[in-house]
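Below, each chain spelled out in residue letters.
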Amino acid sequence: MIGLVLTCVVIAAALIAIVGLWHRRAPAIDALALAKAQYEGFVVDVERREGRGDIDAELANEERVEAARALLKAEAAATPAYSLKPAHAAIGAFAVAGISFALYALYIGHPELGDQPYETRVVQWTDAARRNIDSLPPEALSAVLHRRASEPDNVKNPDFWLFLGKVDMMAGRYYEAAKAFDTSMKLSPKTFTGWSDLGEALYFVAGGSVGPDSQKAFDLALAQDPKDARAHYYLGRRDLDQGRYDSARAHFVTAKAALAVDDIRQNAIAEQLAAVETAQSGEAAARTRIAGMVAALEAQLTEQPDNADGWARLLRSYDVMGDAAGKARVLKEMQAHYRDRPQVAADIVQKSKGAVGAENTGGQ
Amino acid sequence: MGQILQKMWPKSVKARRRLTIFLIAAPLLVAAAALSLYALKGTAIYFYTPAQMIEAKVRTGEVVRLGGLVKAGSVTKLADGSVKFTVMDKLKEIEVAYKGDLPDLFREGQGVVCEGEVTASGLRATQVLAKHDETYMPKNVKEELERQGEWRPDAKPAEPKADRPFGT
Amino acid sequence: MTFLNEIGVFALVCAFVLSVAQVALVAAGQWKRLSGIERYSEGVSLAAALSLILSFAILIAAFVRSDFSVVNVYEHSHTDKPLLYKISGAWGSHEGSMLLWCVIMLSFGALITLLGRGLPDSLKHKALGIQGLLGAAFVGFTLFSSNPLGRLAEAPLQGRSLNPALQDPALAFHPPMLYLGYVGLSVVFSFAVAALIEGRLDRAWARWVRPWVLAAWVCLTIGITLGAYWAYYELGWGGWWAWDPVENASFMPWLAATALLHSAIVMEKRDALKAWTVFLAILAFTFSMMGAFLVRSGLLTSVHAFAVDPQRGILLLTILFVTAGLGFALFALRVPELKPGGLFAAVSREASLVLNNLLLSAALLSVFLGTLYPLLMQALVDKAMSVGGPYYLAVFGPIMLAAIAIIPISQLMSWKRSDLKGVVQRLGLAFGVACLSAAIGSLFYGGAGVWKQVTFFVGLLAGFWLIWGSLRLLMERVGFGAAAWRKFTALPLATHGMILAHVGLGIFVLGAVVEGHSRISIQQGMQVGDTVRLAGYEMTFTGTYRQDGANYDAQGGIFVIEKNGRQVCEARPQRRFYPASGSMQSKVWLCFEPLNDLYVVLSQPQESVGGKPVWQVRWFYNPWVRLIFLGPVLMALGGVLSLFDRRLRLGVATKARKLKEAV
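Those protein sequences? They're chains A, B and C, same order as listed.
Position 330 (the first sequence) corresponds to 330 in my numbering; numbering is contiguous.
Position 21 (the second sequence) corresponds to 21 in my numbering; numbering is contiguous.
Position 241 (the third sequence) corresponds to 241 in my numbering; numbering is contiguous.
Be a bit skeptical, because a hint or two may be false.
Straight-line C-alpha distance at most 30 Å; calculated DSS-like pairs for lysine-lysine [to be verified]:
(1) A/216 - A/186
(2) A/351 - B/90
(3) B/92 - A/327
(4) A/73 - C/269
(5) C/612 - A/190
(6) C/383 - B/57
(7) B/84 - C/612
(8) B/92 - A/351
(9) B/92 - B/77
(10) B/99 - C/383
(11) A/227 - A/216
(12) A/351 - B/77
(13) A/36 - A/73
(14) A/73 - C/339
(15) B/41 - C/452
(16) A/216 - C/612
(17) A/186 - C/612
(18) B/84 - C/383
(19) A/36 - C/32
(20) B/41 - B/57
(21) C/383 - B/92
(22) A/227 - A/190
(23) B/41 - C/383
(24) B/99 - A/351
(25) C/452 - C/563
(26) A/85 - A/73
Honestly, the hints are just simulated from the structure, not real lab data.
Using the sequences and the hints, build the whole thing.
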């Protein structure tokens, strides 16, 4: 703090010294001498331009007269250059420095906040990590480890990279984590145990979906350990997203069994199992509802078959339910009805292929 | 008449020249402004959301900008490299055909702005802009979608479904 | 513990207080009893500038040291960023760029003091007062509403990084150049207002102001060109100018400065067009401030715009209205008292420059309307729209065409009274050669449609007419034969500069016309081994590669491009992933065929049948596109040559020397 105040004083003094030095070095130019020099320069210039024919004699004369007038005016107004009294100058200087410091200290500044350059912080984190590695937030630990990744002990050490990857995962640096797991794997492919970690990292890199690369990683994890809870967990989530509820449940149940009862990860699994139940019962309900609607629509069409929109909706419903046989049957019925109007039949088929619910937003 | 003009015409050479310059300059600038406004009418590209576009009954062949959300599941890639997708707001939707490179951040369910010609079936886009970072989504799109309650300001390109890694 | 950042804040406060003191001293000097005290504004201007430079240096240091306890650093930097982009991050944000703006503004104030020893004291001090006023307003705005060194008690663990699209060498230097131009015009503004207060506007004034206008114009030209070049090769859309409102915001001051540059010449040489020149001087800086405002107002959406809350936009708008309003009000008050200057005939170089100014103003008006019309419509009738290329081609194009048409004629005219018939006769040959060149060009790059053919020919003609017309002037002055070289070197630098700048403009026009007319592109999904053809070139996708950069991981494609079976280049475009911001950035590959570019962009790969990924590849053939960037460089070079002309330089230096001898 004292250092800050002293530096501020030094800066203010230096700035004031600059003002003083400039005016000492460059004393006020005698206004009269300047006006004279200008007048002479101007007259020479006018003559040169007149000589070259840029201006005619009339204008040249006019300009000369004007210049002379300006000179006379300057002579009349000439006063000796103003010089501040030292006392006044000192008051001004103190006022500027005082106002600046007051504005800074009372309004803008945070004199209590020191610099926190990144290098210094990494050194502090490294010290803290030596003392107690758990005291560090994962982001800081990740920064420390990345600094040390190029050390000869670490650069070829698969365990180091595996650890780094796990820390990066906790720090939310999924891409770096995936890279670290990958490095560890490449250093020692045979003893690599982090396949499900790699799969998890890739799952996050892809924004929460199991792509071909994470699929491959999970497959290898399961080949290594058929009960790998992490791999089952993510494969279960993928199945849940894709609507394969039974398979999802199987994955979660396996994962649950593989973990100790008091493992905190049980919570996440329980959550997912509940989600599977909700989704499945929801879908079943929807299915019954659709089946009811389809039955009603079909009955309506049997009575009043001249309803192109209805046929299209019915066809699409069978598509959605994945009932190919039913769809084929309805298609046949529809074509039978529109036997003499093939264009209408074709339109209906075309329409039934449109986006599901395209007319829902507009119509209902 | 002539006399009045003569009277009004300034006597001094300099004032006369000033008037001449003014008499040339003023019509020229007025003409430029008029031409600009006329051309603006003809070339300005209006921005619509699907509902506004249907409501405004935009003529076929007109170039417009269409902004809205890409309907989930509507993107189909055709064999010739062109793409078809549906742009929707809360009320209506419009089909867009586009041949070209979709921006990196083009995603289903995300905001998009398409510029192109109105056709009988929808829009033939010549340019497709996706919500880039927060600065790239045209403000008017955002406002219109906000008005309809469709804007999701923090929608990430693909919302990570697992918020935390397993086991932490 | 060190307190560098806080020292930076203190220095910023000092700069603000000193700027206020600078204004106060000049204002006090107008009071009879303290008359003369204003000379101390000189020293104060130096101290204020140094103080602000210190503050800016500390901001850069905070970026280099990745001190995330500074909000600005946290929001726009990352430890993995290469050093250059850490430094350029210092002006990559609204706060940092405002500080840069202020640093330049106060430094120019100091330059008035340092270079202005030959200026009459009263004019110099009034100009320093106005410059101090502008400085105080902008430094105050920065300090109180956008502190670039605002602090966080607990530094975050990592920064949020700079938008990868902005991590580019051209863009690192684009803002400083542009700001040198924008703010250079503030000096012109200050001199204009000072002269209006003084009530004295004469040839000497024009002579003092012209170097500033020239320097600002050169910086603006380079800044805009850098921006266009960045848009061309970083954004990957194949174009270089989109008439985006933010681009227009930088182009409008350029048009105003160009007009000012020419009218200041008339004022200096002939003592005419005084009111008009002063008007332009005020207008040019008003447009600069408007550019700064538009980018920060939140009214526009663009990659270049800063996301800023509207309140700060309103503050900036207030500064704009107050300063510009003061300038124009003073102008309206004082202009009737101005003494009219030299006379000239309807056919003279002055008259042609007046016409040039009118056309430039009309062009400025058209850009202004095109930029503001959508904003106004949005505000007034709530109708969203955009104004794009077709509008500017229809309005701006013809006006500029007319302006270009008169340039070669104007160059050959003599001051005061000229002979149009003679000038036209002297230019006959140049016109013929231009027509011939344009005709040959049309044959080469011919296209479909009569209208297209005609516009293309006219565009080419304009470019060639400028080039040959300017060379004709050079030929007249230099001639052929033994004395040519001696005469060439004896020619004033300003004349060289004028010819070079006009030739540069012609080259730019040629590039823009040919590129705009004949650019072709193809877009295709390609697998390794595929070949596509475009404009006689054949491109084969031979493989992919990976490359890890400092803060990105890139995937690239290798494309061999051949013409007539001979390999012309190997393109290696990339797609870069920046983990820090989690974003993708395409990196264009440019193959330089002498004047033309082969421009390859890689888009995201897609899974495909057979497991081989399909890469979307866009390939542009941009004929003569090099000229678009070469032209403005020559124009800027021309400006620099004029700047070093003895006559301009001596205006300041000899007087000081004479004075020293006199005193």
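Hints, one by one, checked against the model:
1. Restraint check for residue 216 of chain A and residue 186 of chain A: satisfied, since their Cα atoms lie roughly 15 Å apart, inside the 30 Å limit.
2. Under the criterion of a C-alpha separation no larger than 30 Å, the hint pairing residue 351 of chain A with residue 90 of chain B is consistent with the structure, at around 22 Å.
3. The suggested pairing of residue 92 of chain B with residue 327 of chain A holds, with an alpha-carbon distance near 29 Å, which does not exceed 30 Å.
4. Among the hinted pairs, residue 73 of chain A with residue 269 of chain C is consistent with the structure: their alpha-carbon atoms are about 25 Å apart, no more than 30 Å.
5. Distance restraint check for residue 612 of chain C and residue 190 of chain A: the Cα-Cα separation of roughly 28 Å lies within the 30 Å cut-off, and the hinted pair is therefore satisfied.
6. For the given pair, residue 383 of chain C sits about 15 Å from residue 57 of chain B by alpha-carbon distance, which is consistent with the 30 Å threshold.
7. At roughly 24 Å between alpha-carbon atoms, residue 84 of chain B and residue 612 of chain C fall within 30 Å of each other, so this suggested pair holds.
8. A C-alpha spacing of about 17 Å is found between residue 92 of chain B and residue 351 of chain A, which places the hinted pair at or below 30 Å, so the restraint holds.
9. With a CA separation close to 22 Å, the supplied pair residue 92 of chain B and residue 77 of chain B stays within the 30 Å bound.
10. Taking the CA atoms of residue 99 of chain B and residue 383 of chain C, the gap is about 29 Å. The hint holds against a cut of 30 Å.
11. Distance check on the hinted pair: residue 227 of chain A and residue 216 of chain A sit about 16 Å apart at the alpha-carbon level, within 30 Å; holds.
12. Proximity of residue 351 of chain A to residue 77 of chain B is assessed by CA-CA distance (about 19 Å); at most 30 Å being required, the pair is judged to hold.
13. Proximity of residue 36 of chain A to residue 73 of chain A is assessed by CA-CA distance (about 11 Å); at most 30 Å being required, the pair is judged to hold.
14. Between residue 73 of chain A and residue 339 of chain C the CA atoms are separated by roughly 17 Å; this keeps the pair inside 30 Å, and the hint holds.
15. Simply put, residue 41 of chain B and residue 452 of chain C have alpha-carbon atoms about 23 Å apart, close enough for the 30 Å limit, and the pair holds.
16. Of the pairs offered as hints, the one joining residue 216 of chain A and residue 612 of chain C holds, with about 17 Å between alpha carbons and a cut-off of 30 Å not exceeded.
17. For a cut-off of 30 Å, the pair hint linking residue 186 of chain A to residue 612 of chain C stands: about 24 Å separates their Cα positions.
18. For the given pair, residue 84 of chain B sits about 28 Å from residue 383 of chain C by alpha-carbon distance, which is consistent with the 30 Å threshold.
19. For the suggested pair residue 36 of chain A and residue 32 of chain C, the alpha carbons sit about 24 Å apart, so the restraint of at most 30 Å is met.
20. Between residue 41 of chain B and residue 57 of chain B the alpha-carbon distance is near 18 Å, which keeps this suggested pair within the 30 Å criterion.
21. Restraint check for residue 383 of chain C and residue 92 of chain B: satisfied, since their Cα atoms lie roughly 19 Å apart, inside the 30 Å limit.
22. As the CA atoms of residue 227 of chain A and residue 190 of chain A are separated by approximately 19 Å, the hinted pair is consistent with the 30 Å bound.
23. Taking the CA atoms of residue 41 of chain B and residue 383 of chain C, the gap is near 13 Å; set against the 30 Å cutoff, the hint holds.
24. About 23 Å separates the Cα atoms of residue 99 of chain B and residue 351 of chain A, which keeps this hinted pair within 30 Å; it holds.
25. Only pairs whose Cα atoms come within 30 Å are accepted, and residue 452 of chain C paired with residue 563 of chain C is accepted, the gap being roughly 28 Å.
26. Taken as a hint, the residue 85 of chain A and residue 73 of chain A pair is honoured in the structure, with Cα atoms around 28 Å apart against an allowance of 30 Å.
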